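Engineer: Read off the chains here:
2 protein chains.
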Amino acid sequence: MEYKIAEHIAAMKPSAIREIFKVLVDPEVIALSAGAPDPSSYPEEEMAKLSAEIFAEDADTAFKYGMTEGYQPLRDLTKKRMQEKYSTGTDADDLIITTGGQQTISLLTQTMINKGDTIVCEGPSFIGALNAFRSFGANLKSVPMDEEGMRIDELEKVLASSENVKFIYVIPTFQNPTGRTMSLERRRQLLELAKKYDVLILEDNPYFELRYEGEPVPTIKSMDTEGRVVYAGSYSKVMSPGMRIGYCIANPKIINRMVVCKQVSDVHTNQFFQMVVARYLQTYDIDKHIEEECKLNKIKRDAMLKACETYFDKRVTFTHPEGGLFIWCELPEGCDSLELCRRITEKKVACVPGSAFSVDEDAVSNGFRMNFSMPTLEQIDIACSRIGEAIREFLD
Amino acid sequence: MEYKIAEHIAAMKPSAIREIFKVLVDPEVIALSAGAPDPSSYPEEEMAKLSAEIFAEDADTAFKYGMTEGYQPLRDLTKKRMQEKYSTGTDADDLIITTGGQQTISLLTQTMINKGDTIVCEGPSFIGALNAFRSFGANLKSVPMDEEGMRIDELEKVLASSENVKFIYVIPTFQNPTGRTMSLERRRQLLELAKKYDVLILEDNPYFELRYEGEPVPTIKSMDTEGRVVYAGSYSKVMSPGMRIGYCIANPKIINRMVVCKQVSDVHTNQFFQMVVARYLQTYDIDKHIEEECKLNKIKRDAMLKACETYFDKRVTFTHPEGGLFIWCELPEGCDSLELCRRITEKKVACVPGSAFSVDEDAVSNGFRMNFSMPTLEQIDIACSRIGEAIREFLD
Chain A
1 MEYKIAEHIA AMKPSAIREI FKVLVDPEVI ALSAGAPDPS SYPEEEMAKL SAEIFAEDAD
61 TAFKYGMTEG YQPLRDLTKK RMQEKYSTGT DADDLIITTG GQQTISLLTQ TMINKGDTIV
121 CEGPSFIGAL NAFRSFGANL KSVPMDEEGM RIDELEKVLA SSENVKFIYV IPTFQNPTGR
181 TMSLERRRQL LELAKKYDVL ILEDNPYFEL RYEGEPVPTI KSMDTEGRVV YAGSYSKVMS
241 PGMRIGYCIA NPKIINRMVV CKQVSDVHTN QFFQMVVARY LQTYDIDKHI EEECKLNKIK
301 RDAMLKACET YFDKRVTFTH PEGGLFIWCE LPEGCDSLEL CRRITEKKVA CVPGSAFSVD
361 EDAVSNGFRM NFSMPTLEQI DIACSRIGEA IREFLD
Chain B
1001 MEYKIAEHIA AMKPSAIREI FKVLVDPEVI ALSAGAPDPS SYPEEEMAKL SAEIFAEDAD
1061 TAFKYGMTEG YQPLRDLTKK RMQEKYSTGT DADDLIITTG GQQTISLLTQ TMINKGDTIV
1121 CEGPSFIGAL NAFRSFGANL KSVPMDEEGM RIDELEKVLA SSENVKFIYV IPTFQNPTGR
1181 TMSLERRRQL LELAKKYDVL ILEDNPYFEL RYEGEPVPTI KSMDTEGRVV YAGSYSKVMS
1241 PGMRIGYCIA NPKIINRMVV CKQVSDVHTN QFFQMVVARY LQTYDIDKHI EEECKLNKIK
1301 RDAMLKACET YFDKRVTFTH PEGGLFIWCE LPEGCDSLEL CRRITEKKVA CVPGSAFSVD
1361 EDAVSNGFRM NFSMPTLEQI DIACSRIGEA IREFLD
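Chains as they are written, first to last, in this note's numbering: chain A, 1 to 396; chain B, 1001 to 1396.
Among the hints, erroneous ones may be present.
[As the list claims (entries may be wrong)] Derived SDA-like pairs (lysine to any residue); straight-line CA-CA distance at most 25 Å: (1) A/64 x B/1152; (2) B/1195 x B/1225; (3) B/1022 x A/263.
[Unchecked claim] Which chain A residues stay away from chain B? Per the calculated CB distances, all over 12 Å, these: (4) 64; (5) 113; (6) 183; (7) 217; (8) 317.
[Claimed, not checked] A short, non-exhaustive set of chain A residues, derived as facing chain B with CB atoms under 8 Å: (9) 6; (10) 39; (11) 59; (12) 60; (13) 69; (14) 114; (15) 118; (16) 139; (17) 298; (18) 299; (19) 303; (20) 334; (21) 335.
I should point out that these hints are in silico values taken from the structure, not numbers from a laboratory. Computed from a predicted structure; not experimentally measured. Quick reminder that beta carbons are idealized off the backbone N, C-alpha and C, glycines included.
With the rest of the complex left out, here is chain A (with noise of 0.2 Å):
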């Protein structure tokens, strides 16, 4: 039979970076196409003792249905921390686990968003979240970056020239894919033109405890005394992204919108690996863990960074992220990322073009973005010459 699909995911097209993907099969290839940490940081051994723990203490608490808004001591730990830490949420404020990031964005987009409504994003921005605006026919706008993050000029041309503007979607922390962090006073003024245009913030922010150089700026979240932003946090990077935790913090008025949101979506959050993040919370020094893990990135995005300076062409750029997974390069002004990238690929290397993170997926973009937190410090060398080699041919 013809399937009738709805028009807004019959809109969404098969990305032009599946076929970079596909060559991921071939285990001789370089991935820098990732956007997880090194497996070697998962506290593997540690969640093993505590699923044992489970297993023998509260296994009927595990297996049976739980809270859609989550596992009481996991959002309680996860409130405290946030608060006492990074002053992120306030009494005011609730608390939902979720599966990741991802489905924190899913979900407040299905809440808030009606078809044609406006999202305003950074450009370039996260991949997972412009096509979770698109799944629910959400109207894109970006705005562009510089070093400091989203351009507040051109943050308040878009806000005066569009209608429905229901929130502004931005990663402030090592952002993905550029990596940069937005500073503190675009921050601010970001606040101040979200409350001018009456907009909430959408911040997203699971890199932002992986730094390894540098001041820490504070969220977002941290300034907001109206229940103007909505935080999502995650484990996937300072934990383990297959076990799919993460939360959003925000004003119970749009945390009890995406709890029905949730429950007819999953249910609730596997509850299981709430019980094992709650008890390594508890039981374990979650500072320390992220420490070791930020001293094993660092390594390796130094590494990455001399690499390029060794064998990329002068006229290439590239950012120097002070925390985070990624490091952003631009290849000179109406290069075509995408054909670079095909090019890296058939030297065994993925990259993610830039066009990828773009709301207009056709528009040229002259940006790729690489991972250095998954290969070794050995494939970084390998895959830097060989993209390299890539850039040279493709610019000469």
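Let chain A serve as the given structure and place chain B on it in line with the hints.
Structural biologist: Frame of chain A; chain B shown alone:
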């Protein structure tokens, strides 16, 4: 600030049954309101053993990002079992792992429904499905049931008079909330009508293996030759609901779009428990496990039927389900079961009034649902005696 919630989310009313569920925090209340198997039936020892094995042998696979479609061995094992044992799904179909039947319902709805499109369902039907449909702005129409399930004459009237019907939602076996099973003849007629009006069928079948007597009826999907049936299966009722593992079998054109929606919903299902279920299917005999669970449930069903006969006023009718988890009671025509259920809670028992399962939530329902799998035999007896008392007080 004032929040501008999306129209169809804002329109979702706080359910009248919420106050009934509030009493569940009182540990003295006997809950007949659940929809889950007895925790003593969960294969916890086996899962503990398999979990330890995964930590020892394949932890990195469990904790890194997985495929949106699901963990390949679990996809293969589930597809094979459903095909070989139940002729459900063909080589032309595809299968994705979801976080339970609820997510299959939600993903199909997002895939197919433009706001205002119609979904036809049984009256009464599963509240989680109805709310999922509402959360995407679907227009709902219900078709009355009799002992053999959805009435086909009434279904044709609805299909003939409705525009943009995208699918018919049925729970053909041990239906929630009525416990009824759609006859083979009706299943054939349903498929014929779906063909005539060119609409899909969503077959939600989480309870079908929990049969305590009578002959199994083939799934609707097993009679589907043209990709018209989307099949929602679940491990919640045969292993454990808290782990959140289900699956969907359908034509690849549908599955591909559902994968896009799942990718932006939660990236993938908890990887560890997909591996637990896969290893369970490889290591143990799930059919034998289900047989044991059925023995346990049958005893409880029989006890509840007997208690209904003993304690209930003869003006009340109740179903004799051949399996599943629920018995459905009906007061004389015109009586309001919501009021009765309120009185039942005063006697420290929780049932779910029929209005919760209605497309029109404000309509008076004379039915209510009782679950027999979660309470103990003693609790079943006490609860039914109290309900009997409340019924007499209510009717007299």
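Engineer: Each of the hints needs a verdict: does it hold here or not?
Structural biologist: Hints, one by one, checked against the model:
{"no.": "1", "hint": "A/64 x B/1152", "result": "36 Å, violated"}
{"no.": "2", "hint": "B/1195 x B/1225", "result": "11 Å, holds"}
{"no.": "3", "hint": "B/1022 x A/263", "result": "17 Å, holds"}
{"no.": "4", "hint": "64", "result": "5 Å, violated"}
{"no.": "5", "hint": "113", "result": "6 Å, violated"}
{"no.": "6", "hint": "183", "result": "25 Å, holds"}
{"no.": "7", "hint": "217", "result": "24 Å, holds"}
{"no.": "8", "hint": "317", "result": "29 Å, holds"}
{"no.": "9", "hint": "6", "result": "5 Å, holds"}
{"no.": "10", "hint": "39", "result": "4 Å, holds"}
{"no.": "11", "hint": "59", "result": "5 Å, holds"}
{"no.": "12", "hint": "60", "result": "4 Å, holds"}
{"no.": "13", "hint": "69", "result": "13 Å, violated"}
{"no.": "14", "hint": "114", "result": "5 Å, holds"}
{"no.": "15", "hint": "118", "result": "12 Å, violated"}
{"no.": "16", "hint": "139", "result": "14 Å, violated"}
{"no.": "17", "hint": "298", "result": "21 Å, violated"}
{"no.": "18", "hint": "299", "result": "20 Å, violated"}
{"no.": "19", "hint": "303", "result": "21 Å, violated"}
{"no.": "20", "hint": "334", "result": "31 Å, violated"}
{"no.": "21", "hint": "335", "result": "29 Å, violated"}
The earlier numbered hints that this structure contradicts are 1, 4, 5, 13, 15, 16, 17, 18, 19, 20 and 21.
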